[in-house]
Structure formats: C-alpha cells, structure tokens
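Starting from the known structure of chain H, fit chains G and L onto it as the hints suggest.
Protein chains in written order, with our numbering: chain H, 440 to 765; chain G, 3 to 444; chain L, 54 to 359.
Be aware that one or more of the hints could be misleading.
Said to hold, decoys possible - Derived Cβ-Cβ restraints for the label pairs, each shown as a range:
#1 H:TRP478 x L:ALA253: 18 to 28 Å
#2 L:LEU190 x G:THR263: 55 to 65 Å
#3 H:ARG481 x L:LEU190: 14 to 24 Å
#4 H:ASN617 x G:ALA195: 29 to 39 Å
Said to hold, decoys possible - Selected chain H positions facing chain G (in silico; Cβ < 8 Å):
#5 TYR597
#6 PRO599
#7 ALA622
#8 ILE624
#9 ILE625
#10 TYR707
#11 VAL708
#12 ASN711
#13 THR713
#14 PHE728
#15 THR729
#16 ALA730
#17 ARG731
None of these hints come from the bench; they were simulated from the model. All values reported here derive from a predicted model rather than from experimental measurement. Positions of the beta carbon are idealized from the N, C-alpha and C atoms, including for glycine.
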Amino acid sequence: MIVDRVQLIAIAVIVTVVVAVGYIRLGDRGLRGLLPRHWYRRSVPWLFIGPAALIVGLVLVFPGISTVILSFFDTKGTNFIGFDNYASALTDPITLIALRNTALWVALLPTLSALVGLLIAVLADRVRYGGLVKAALFLPIAVSAVAAGVIWTFMYDYQPPVAAQTGTMNALLTVLTNTDPIAWIIDEATNNYALIAATLWTQAGFAMVIFSAALRSVPDELLEAARLDGASEWQTFRHITLPILMPTVVVVTTTVTVIALKAFDIVYVMTNGTYGTDVLSTVMYRELFTARDNGGAGAIATMLMIAVLPIMIYNLRQFRREGQGV
Amino acid sequence: MQKVRTASAMFVTAVLFLSACGDAEPEEQADDPASNAAREAALEAAGGEELGGSVSMLGLLGGEELDAFLSVLKPFEEATGIEVQYEGTRDFAAVLQTRVEGGNPPDVVGTPAIGEMSAFAEEGTLLDLSEVVGQDVLDANFSPSLLETASVNDEVFGIFSTVNLGGLIWYDPSTYEGPTEPESWAELQTWAAQEAADGRTPWCVALESGAASGWPAADFIDEILLRQAGPEFHQRWAAGQEPWTSPEVRAAFETYGETVTEDMLYGGTTTALSTNFAEAATPMFADPPGCSILQQATFMGGIITDSMPDLVPGETLDFFPVPDYDPAYPGIRSISGEIVGMINDTEQSTALVKYLATPEAGTLLALTGRWLSPNLNVEDSVYEDPFLRRASEVLVEAEGTYSLGNSLMPQTTVDAFWKAGLDYTQNPGDLDEILATIEATR
Amino acid sequence: MVLTAAEIPTSTEPRKPVQTRARKRSWRRPSWRRIPVHVVVIVVAAIWLVPLIGLVVSSFRAPTDVLSTGWWESFADPARYTMTNYERVLDREGMLLSFFNSMAIVVPATLLVVVVSSAAAYALACMRFRFRRGVLLTMVALLIVPVQITLVPLLRVFNGLDLTGSFLGLWLVHLGYGVPFAIYLLHNFFSAIPRELFEAAEIDGASPSQIFFEIVLPISRPALASLAIFEFVWTWNDLLTALIFLGGFREVAPMPVAVSGLVASRGNGWEVLTSAAMLSMIVPMVVFVAMQKHFVRGMLAGISKG
Chain H
440 MIVDRVQLIA
450 IAVIVTVVVA
460 VGYIRLGDRG
470 LRGLLPRHWY
480 RRSVPWLFIG
490 PAALIVGLVL
500 VFPGISTVIL
510 SFFDTKGTNF
520 IGFDNYASAL
530 TDPITLIALR
540 NTALWVALLP
550 TLSALVGLLI
560 AVLADRVRYG
570 GLVKAALFLP
580 IAVSAVAAGV
590 IWTFMYDYQP
600 PVAAQTGTMN
610 ALLTVLTNTD
620 PIAWIIDEAT
630 NNYALIAATL
640 WTQAGFAMVI
650 FSAALRSVPD
660 ELLEAARLDG
670 ASEWQTFRHI
680 TLPILMPTVV
690 VVTTTVTVIA
700 LKAFDIVYVM
710 TNGTYGTDVL
720 STVMYRELFT
730 ARDNGGAGAI
740 ATMLMIAVLP
750 IMIYNLRQFR
760 REGQGV
Chain G
3 MQKVRTASAM
13 FVTAVLFLSA
23 CGDAEPEEQA
33 DDPASNAARE
43 AALEAAGGEE
53 LGGSVSMLGL
63 LGGEELDAFL
73 SVLKPFEEAT
83 GIEVQYEGTR
93 DFAAVLQTRV
103 EGGNPPDVVG
113 TPAIGEMSAF
123 AEEGTLLDLS
133 EVVGQDVLDA
143 NFSPSLLETA
153 SVNDEVFGIF
163 STVNLGGLIW
173 YDPSTYEGPT
183 EPESWAELQT
193 WAAQEAADGR
203 TPWCVALESG
213 AASGWPAADF
223 IDEILLRQAG
233 PEFHQRWAAG
243 QEPWTSPEVR
253 AAFETYGETV
263 TEDMLYGGTT
273 TALSTNFAEA
283 ATPMFADPPG
293 CSILQQATFM
303 GGIITDSMPD
313 LVPGETLDFF
323 PVPDYDPAYP
333 GIRSISGEIV
343 GMINDTEQST
353 ALVKYLATPE
363 AGTLLALTGR
373 WLSPNLNVED
383 SVYEDPFLRR
393 ASEVLVEAEG
403 TYSLGNSLMP
413 QTTVDAFWKA
423 GLDYTQNPGD
433 LDEILATIEA
443 TR
Chain L
54 MVLTAAEIPT
64 STEPRKPVQT
74 RARKRSWRRP
84 SWRRIPVHVV
94 VIVVAAIWLV
104 PLIGLVVSSF
114 RAPTDVLSTG
124 WWESFADPAR
134 YTMTNYERVL
144 DREGMLLSFF
154 NSMAIVVPAT
164 LLVVVVSSAA
174 AYALACMRFR
184 FRRGVLLTMV
194 ALLIVPVQIT
204 LVPLLRVFNG
214 LDLTGSFLGL
224 WLVHLGYGVP
234 FAIYLLHNFF
244 SAIPRELFEA
254 AEIDGASPSQ
264 IFFEIVLPIS
274 RPALASLAIF
284 EFVWTWNDLL
294 TALIFLGGFR
304 EVAPMPVAVS
314 GLVASRGNGW
324 EVLTSAAMLS
334 MIVPMVVFVA
344 MQKHFVRGML
354 AGISKG
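Same shape as in the complex, but just chain H:
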C-alpha cells in the first residue's frame, strides 16, 4: 500500500511537470503557428491563465455564486424569500456580536502580523543566528489548528487562585504581578484578544517569510549609497526599503485581513464561539451544519464576501499604480 502511494506521488509529479511544460511550450508554438500575429498576441495570455481560470471557476466561483443565490431562499432552498435572511442575521444578537468580533480581528491581526513579520524579516538578517529566529517564527505555521488549540488552551489554563498555576500565562501573571490568575478564555474582557493572540502566533511567520523573500529584491547598491551618504538605519529603511516593499506590504496585509475575516479554526477548537467569541465563520458554520439553513448560511457568507470589497478596491488602485510603471 505504501509502495502504491510512493508510485502515485512519482507519477503525479512527473505527469504534472511534463504536461505543464508541454502545454505551455506546445500551446505557445501552436498558437503562434496557427494565428495571425494580432490574434496571437491577444490569445496567448489566455493560454497561461486558462488552467487557473478553469479550476477556480469550478471550485470557487460556481459554489460562490450558488451560495449567493441560495441566500435569497429559505432553509431548504425551495422558496424565494428575498432579503429575509439578511434581515434576520442583522437583527440577531449573536450575529451582531460576531460582526463586532470579526471587526476586532480585522483591526488587530493584519497590522500586528505585518509588523512582527517585517520586524523580524529585517532584523534577523543582521544577526548571526537569524536563521534560527526565522525558524522560531515559522514553526507555528506548521502546527495544525487543532494542535494550536491544544497548545494555547494550556497556555491560558486557569487554576483557582490558591492552587499552583499550570498555564504559562497565568503562571507569569501571578509571579510577575502578584494578582489573581485570569480565566483568559472565559473572561469576556480578554478572550477575544486571547484568541487573536493565538492566531497571531501562527500568522506572523507567514508575513515574515513573504517579507524575507521580498527583501531579497531590494538593490544593494541603493542601500550602500544611502549609507555612504550618512543615512541612519532607520532612514534607509523608511525612505528606500519600505517604498520598495509597499506592494508586498499590501499583499501581506490583504491576505491576513482575509484570514482574519475568515477566522474559524482556532475559534472553533478553543471556544466554538462561547463567552462572546463568535466570529462570522463560526456563525456561518452553525447555520450550515447545525441549523441546516442553507439560506441563512448563504447570507452570512455573502456578507463576508462583500466585506472584502473595500480591500479589493484598495488593491485595484495598487494594481493601477503598478500598471503605470509598466
């Protein structure tokens, strides 16, 4: 059986590479041979985009559209009810809490992830053990959501004030400040931040890896010139490195914002939305699989998808700006 799997991997890899290279090379040559120049130039991009468009159309666009359509129908999808699902979602107290929480996630997670990621991507290169530091930030990405849930449930563990603390956070708290331990996950003043912190732990490494790769394309000559001119590290960073990195900053913050909007795994595993920690995805999950209400779930999914529009508009401006340099 194991041999079957190894064979499968080998075959899949070989076939993918051969077919991909063949498709591009032969497709290109074929189009060039068959079509007059003008048509060739107009169709060759679609040769490259084709496979991606097809797969994404099937896996994402088709379900996305059917979800939006279903959001205007009732639970079983049989009767058209217009905006009723949206109305009930927006007046439901739990959904409102979820909206508030999701907004909190969107406000905190992307900025903090980008900051920490950028900080370490830049600074780790300056110290000899930088590789180890980067690995330390990367490791949490490799941890599954369930495992992260286990880890952080223990980090936030609560024991009565008289007993010894078994959770790292409470141990630090009681030792350093001599106050009572906090039930981080139950206390509504702290629990959302606790969950966001656990997710930040898994996301900062993501930002760092991307910034690390982007930093490689900042030209040395510019940096040297700036230093020779007497610019300080901070000035060099702010006026040379950062502007070059801006597009990457947009990519990182956009991606982590979408992750924040869709945040589900850690919340589901650690609290499942209890104690006021619901986010839009947990509410949608419950509508879909517990209440079995396709319409209600569709409404929340659609609201989620609409929430990304402002970010997309900002990205569009970014793309336009790039286009001018082309």
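Same frame as chain H, now just chains G and L:
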C-alpha cells in the same frame, strides 16, 4: 544544512522502523466462547454466506473507545469477510450532512445525537430498520421505550448500540464522609450545604469540553427535570410541547443551581467553567480533597480510571445513584447512548445492522467494559467491570428508564441548552433570559 | 532610471547570501549599538518559542502530570518524563500509511498550485491585454470564498464525475483553494521584474513561453519557494477537505485524520495530540529548511526598479 538533512533522514528512518514494528504482528482470531458465538451470529446475519465486500460507517468514536467498538466488529469481519470501513470524526454533523447532500453518504452511521438523526429520518435519508432487521427481532432484543425513542412516524430509524446510565454520584470511599445511600436529594444537598458552610467545597463540577462545553450541566439539569417533574412532562418538553420558560424547567435549573454556587465548587464557578469535564474528579483525589461528589454517567468511571489507573473500584472510587428528587416519581433513571442507523441498502450494511442487533454482539460490547448493552438478552453476569455490573443492576431495578431529553432535540436547541448550562452557572440571576434564549431556537 | 545593456546580468549565478554581507557591514558599527537589535530579536523569538517549548516538554509527560503542574516545573524531576505519548502515536496501526497518504495528497497538490499559478501570474503581471485587471481582481477577490460553502456543490459535481474518494479529486480541490493566494503572491513578485528584461528578450526574438521558463521562473526562486512552503504546510494540516473528498478510512486517511482518530469522542486522550503535533511538524520543517537555499538574492539585486 547537511547536518539537518542527516538528522532528518535518521529521524525518518527511526519513525519508519518504529512504526513497522508496531504493524508487524500477525492477526489471530480470538478463540473464546463470546467471540465464537459472535462469529456465528454474524454469519447468520449475513444470510449464511461470506458476502465479502465492504460497508462504510461514519461515527464519532476515537481513541480507546474506537478500539473497543472495532473489537466488537472483528468477529463480524472474520465470519463474513465484509470489511467495515469506519470513519470517526468529531466533525460528524458537518461530514454527514455534506455527504448526504453531496450524494455519497456513508452506508451506516453511529451517533448519540438522536434528535439530529430523526431530522434525517423524516427526510427519508435513514431507512426503516423494522423492515431491514424485522420488527420481531427488534422487539425481542430491545425494550419498547428504546425503540420508540429512535422512531419517527412509526418507523424505527436507529437501534441503540451502547447505553450509558446517567445520574450517578461518583465519590472516593476512602475520603468521603457524606451519605452513601441518601433517601432523597434533599438529604444529599443538606449534607453538601453543611460542608460548604464549614468551608469545604463538596461538589466537583467541570463544564469545559471544546465545542460542546456545557453538556455536563445540561445532562444534569435534564435528569433533574425528568425526575422532578415526572416522565410525562419530560417527554412533552423534549418533543417541544412544553416551553423552556415553564415553571418546571425553571425549577430544574434552580435545583442544579444549588450545586454550583460559589462556595459549593472547588475553585469557584470560574474553575468549573474552565476545567475540562474529564478532569472533574481530579481534585477528589488530591490531599486534602478539593471536592467530594461528582454527578456524571457510567462512562466517567472509565475516564477516571484511564487517567488514574491506581484507583481500586469499590475502595477508592465508587458511585451511588442520585437519590429521588420528588417522592412522587421514585426510581426513575436516565440513559443516553449511541444509535446505529442505515442509509444505503446493501447486503453488507444489512448484515452489519442485523449483527449489531444480536445479543452476541451485545455481549461482546458489554465485555469491553466501556458501555452497557441495550440488548435485553445480555445478562448482568456478563459485565466484568464492577461499575457496569452495578449500573446494570440499577437499570433492572428501576421503575422507569428514559432517554435524556437533550439527545432527542434538534441540534440547535441542544447547542443552546449546552450554552445555557454555561451561562446559568456563570450568571444564575439571568435565568429568565437564558430560558427565553433557548426557547427562541424552537 | 534607464538600464544600459551592460547592467543586465548575463550569468544566472545567485549572489552571495545576505548573511555574509551583514557580517562585512558590521565592522563599521560599534558592537554596543547592535544590542537593541539583539534584544528585540531575542525577545520576539523567545515569545514565539515559549508555547512550542511548552508543547515539546508536555509531549514527554504523562497527562496527569501535565494537568497538575506547569511544564517548567517538570525539569526538576526528569525521571517522570515518558515516551508513552509517542509510543501511542507510532504504534497505532496505520500511522505510517497515513504519513504516505499525506505525502501523496500534499506533494502533487503543491506542485499543481505552483505550476498553474505561476503561469497565470506571469500572464497577469507581464503581459498586457484587455480584462487583465478584471481577471486579476477576480482572482484576488476569490480569496474570501469560505471553504465550508464550497463543499456540497463540489461534492455533487465530483460525485457525478466519479472523482470522490480519489486522490485526483482532492488534488483538484486543493488546487482550486490555493490558486487565488498563489496568483496574488506571485503577481506581486513578477510585476517587480523590470520591463527592460522583457523588452530585451523580445527584441532577441524570445517567445512568451521562453521568457517564462528562462527568465521569469529562475529569477523568482524566493517567491516560488515561499509559495511552495505555504501551500505545503496548509495542505499538510488540512483535515475537513480530505475527510469529505477522499474519506477517513485507514487506507487513504492522511495524518491529521489518523491523529484525530486517536482522541475519543468527548476529547479524552488529548495527550497524544502533543506528540502527534511534534511528529507532524517535522515534515514542514524539513521543507522549510530545504527551501531556504532558494532565498538567495536574485539577479535583481543589482538592478533598480524605475
């Protein structure tokens, strides 16, 4: 870099070696009377021939309980040549629903969420087992109340595979000084109140359980309602005919509330809410004990002994059934359990379901020491686990046995009930609001 | 800034990795000035490592110990460490197979994502055509589609195509999920490649596919490496999609599914999750380390973007 590569290679080799060692033992058929009998029953269930093929089963079991359940299925596989492909997942509802709506449902399902299954049964997804297995076979092996619980519109959609007896008070006989055979709930709670007044915290309560947090409180309140307001009210309430805001339900919550006041609980309510239910008994065995009594079902015995294998049943761990709440309803017991249902009508799935309905399969199940068998023909003497044997006796002596209401309700209401358990423990003053919230899910 | 022909590098050798350059620069700065950098870096690394250290230590402790004392206290009594958690995971029938099932899912899926997305990102970043911005924006907007709503529609289609329960079906699903982010990331890197390189190549008569294979891909090694790392890790840790499209039976179950089967339905037995998480982290770590060699300064280091 080279060192990392070498180290990784060595590690992977080590892992391969270790795992290979684990898989190396050849399989032998168990040769004891129970297994032999089960194999015969399995062959009969398959219609007398080795059908071969496979049947897919979706359930929630994992870890050691899954091993136990699979050991019950082993004689079936050996005798009929049918491979049972079990998929266990805690995302059971999501996976089942997606597969059913997506068009490739599992052949057989096993779950304690009877209310959820009745929704599927009403849609026609679950088959009528009285036709698959035969009404006479069902009647011969299962009590009418069990059959009725898993029926809708007179069609039996599930047969119980495992049963847990609820409403037991677990305690450590070597340190417990309260009543071990109290006449009434009032007597037990009076003792508890006295303990609290003396500065000790008698009740062990732990409600955290991941996505299902709050279920121990819900189960407790459920049983209180059953035995305080009586089975008829309980049945109407479970079926949605009595509102959550009615005075009987209120009273049940308040009775539960007596056990979770700040001074009753080890570490106060915050600790109860933060601690995982499997650790509820841990303070009982500390020195000095942090709490003395824990209300939980039969499976708790296995959980406690799994994490503390040095305990001796009868000497350092024992239980007594929760005494009556109301003299008008004596001897009522609550049960919960898993049902097995069938979605795809194949020869293999029919054989499996028929097998699970036999007393032989029930006997094997009882021998695992994890559950009670719902099968009427499994005798008490079969239970080797002392807790299960006593629980079986309690069941036999009961005036009436009823399923917990929350396993019968639609999942949204159940979720709200669990959450209400948490909310009420945290804020007993908000009871009216809490009850109204659950009612709104109906 | 106009590039002269002399400035376009002709060799494809990567420059020396930046660590060497950093060391060279440091002689200019007195070492006490570097202390803030060290402090910040070490503090952040420590914060990020503490939960992991907790995990490592807990994976070698019995569950009763984990629940009664904090992991930092376990150093005082090393005799209590135990390999039981690891034994339970490794002895479990089917664990080794699940590792290979995971590899059989993740490796082709990652490769597919990289291949399909790099081609599409190349066209979106380096070619001009009508609808370019629309397609790009749609691709990026698709990042928001929640996985849960795609399950039932896709399953219906896959059932019709008889792809359920097959590895190919799961590869296609992961491909679909991964493409938006991959295109977004690669587009960002590809569009930083100076136009002049393309123009020079086109003057030389190179076709788009030649430019793609001989210029764009080699220059973009860091970007492709980062993408590969992420796709690998995300697919490696996936549970629900594999459960639905491939199935949870032992023959095909990947590691996350197999590991979740070690925990009982009410959550007891969680202690094996600590050792399982440790074991499961090894492969992504190896991939991460292996990809590091691609994080070299590309040829762009000597060229400035206009």
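Hints and how they fare:
1. Taking the beta carbon of each, TRP478 of chain H and ALA253 of chain L are about 25 Å apart, inside 18 to 28 Å as hinted.
2. The hinted window of 55 to 65 Å between LEU190 of chain L and THR263 of chain G holds, with their beta carbons roughly 58 Å apart.
3. Distance hint check: the CB atoms of ARG481 of chain H and LEU190 of chain L are about 20 Å apart, consistent with the given range 14 to 24 Å.
4. One distance hint, 29 to 39 Å for the beta-carbon pair ASN617 of chain H and ALA195 of chain G, holds here, with the actual separation near 34 Å.
5. Nearest Cβ of chain G to the Cβ of TYR597 of chain H: about 4 Å, under the 8 Å cut. The hint holds.
6. Of the supplied interface hints, the one on PRO599 of chain H holds, with its beta-carbon coming within about 3 Å of a beta-carbon of chain G, less than 8 Å.
7. Annotation: interface hint on ALA622 of chain H holds; nearest CB of chain G at approximately 5 Å, less than 8 Å.
8. Because the smallest distance between the Cβ of ILE624 of chain H and any Cβ of chain G comes to about 7 Å, under 8 Å, the interface hint for this residue holds.
9. Evaluation of the ILE625 of chain H hint against chain G yields a held restraint, the C-beta minimum of about 5 Å falling below 8 Å.
10. Checking TYR707 of chain H against chain G by beta carbon gives a least distance of about 6 Å; that is within 8 Å, so the hint holds.
11. Against a cut-off of 8 Å between C-beta atoms, the interface hint on VAL708 of chain H holds, since the closest Cβ of chain G lies about 7 Å away.
12. Taken as an interface hint, ASN711 of chain H checks out: its beta carbon lies about 4 Å from the nearest beta carbon of chain G, inside 8 Å.
13. Against a cut-off of 8 Å between C-beta atoms, the interface hint on THR713 of chain H holds, since the closest Cβ of chain G lies about 6 Å away.
14. Interface hint status for PHE728 of chain H: upheld, as the beta-carbon distance to the closest one in chain G is roughly 4 Å, under 8 Å.
15. Restraint check, THR729 of chain H versus chain G: the minimum CB separation of about 5 Å is within 8 Å; hint holds.
16. A least Cβ separation of about 5 Å between ALA730 of chain H and chain G falls short of the 8 Å threshold, and the interface hint therefore holds.
17. Satisfaction of the interface hint for ARG731 of chain H is found here, the shortest Cβ-Cβ separation to chain G being roughly 7 Å, below the 8 Å cut-off.
Taken one by one, the earlier hints all hold for this structure without exception.
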